[in-house]
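Chains as they are written, first to last, in the working numbering: chain A, 432 to 515; chain B, 432 to 515; chain C, 466 to 613; chain D, 466 to 613.
None of these hints come from the bench; they were simulated from the model.
Hints may be right or wrong, so weigh each one.
[Unchecked claim] Here are the in silico distance ranges between beta carbons for each label pair: (1) C/572 to D/590: 38 to 44 Å; (2) D/607 to C/529: 26 to 32 Å; (3) A/497 to C/544: 49 to 55 Å; (4) C/572 to D/607: 33 to 39 Å; (5) C/470 to A/463: 36 to 42 Å.
Every residue gets a Cβ at the ideal spot worked out from N, C-alpha and C, and that includes glycine.
One-letter residues, chain by chain:
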Amino acid sequence: MIKYLKKVGEAMVKVEFLGPIGKEPMEVEARTLRDVAKVLQKDEELKKWLKECAVAVNDRLVQDLDTELKDGDRVSLLPPVCGG
Amino acid sequence: MIKYLKKVGEAMVKVEFLGPIGKEPMEVEARTLRDVAKVLQKDEELKKWLKECAVAVNDRLVQDLDTELKDGDRVSLLPPVCGG
Amino acid sequence: MLEIYPGELEVDTIFSRWRRWGERRNYGAFITFVGTVRAEDGIEALSFDLYEPLLREWFERWQEKAQERGAVLRMAHSVGNVPVHTSSYMAAVFSPKRRVALELIEEFVEDFKANAPIWKYDVKQGERIYARDRSQRLAGSGLLDIDG
Amino acid sequence: MLEIYPGELEVDTIFSRWRRWGERRNYGAFITFVGTVRAEDGIEALSFDLYEPLLREWFERWQEKAQERGAVLRMAHSVGNVPVHTSSYMAAVFSPKRRVALELIEEFVEDFKANAPIWKYDVKQGERIYARDRSQRLAGSGLLDIDG
């Protein structure tokens, strides 16, 4: 139960892994994207993807680790693309 | 009859007028393209076209007035183009 | 103006529909790009995932750029498996005159390759293999690699 | 690879035939340009004359250039009257990859406009009026104007 209790000032965000990453979405407590990064770094399977993934918050690409997050935000990891 | 008798060294060439010029082909006696030019200059109706026409001899564009001509050569006048 | 289809595109049908749409609107130039799956490296098919919300946003930004130049863009893309010698991608530009159409088709297709959120897989013996080597990183990639 | 038709082009039919031709030959990129007659200046149609021997030579030189880059060109053009909202010109490039195809379609269509021996007329009330203002002089124009 404790994992669903947020710390003060933290938001519960959903992290989703697009395309070939092939991992189920997870819920993460975070104030900013930096907090999300800290959590994902701990996952050995994800580490290799972090180097090459772009990041979108609520379907907008972001480039700042200090991007603030609020409850219900959706963080998406986008691996290298190749359409056509 | 006399116009079909060639002078020594001269060739009988056919001059054709493409696209919008709308003039029947003519036969001209000429050693070089310069001779053709002299004949065509005399035609008031053609004078305005000469300024803007390119010239092909036997379906190859030429850019030299001293291009030599031989019997049966075909000289074509090509007005400005606009395909498509 | 962005169409997404499961499996290979019915190229002739899409082309004809687009063409008739543009003809009635008095566009003088209509350019289409068709991307077809080549038989190479022993693949049976290519396969695609795409992220539709971001793809639509990317496309709409391009549509606005095109409109500023009096032109209109259209695009169709496959999701899932697309067998060799069939097509997975079509793009089109309509414009009053040729110049804008020729410029836009190039800019649009190149940016598509670099920035459209689509992932490609080779299909060999029924297995989907991510085409990492042919893929390009999006802007800001590596942001979360705070360890690196 | 150069097709000449009286009157307007049957665009869908030509497109489909070209597409199937390229598909079987494992080209990954197929770009078409379609030029359609716009309703403007009160014209009923455009009309075209062309000089086929020189047009074929011009086209064959382009075909050789394309071949050096692994690509193939196709083209269709009308002679005679082509009503508004129908098409008079189609060009296509097939190539293994997109880059060459995007470059070639632009170079080919631009050179076509400047150098293909084709003459255009506006058709108004059944009368053919040479489109002198929109036409371009070929290389060496004025050669015979020795008086000027």
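Each hint tested on the structure:
Distance hint check: the CB atoms of residue 572 of chain C and residue 590 of chain D are about 41 Å apart, consistent with the given range 38 to 44 Å. One distance hint, 26 to 32 Å for the beta-carbon pair residue 607 of chain D and residue 529 of chain C, is violated here, with the actual separation near 46 Å. The hinted window of 49 to 55 Å between residue 497 of chain A and residue 544 of chain C is violated, with their beta carbons roughly 35 Å apart. Restraint check, residue 572 of chain C to residue 607 of chain D: a C-beta distance of roughly 38 Å satisfies the suggested window 33 to 39 Å.
Judged by the Cβ atoms, the range 36 to 42 Å given for residue 470 of chain C and residue 463 of chain A holds: they are separated by roughly 39 Å.
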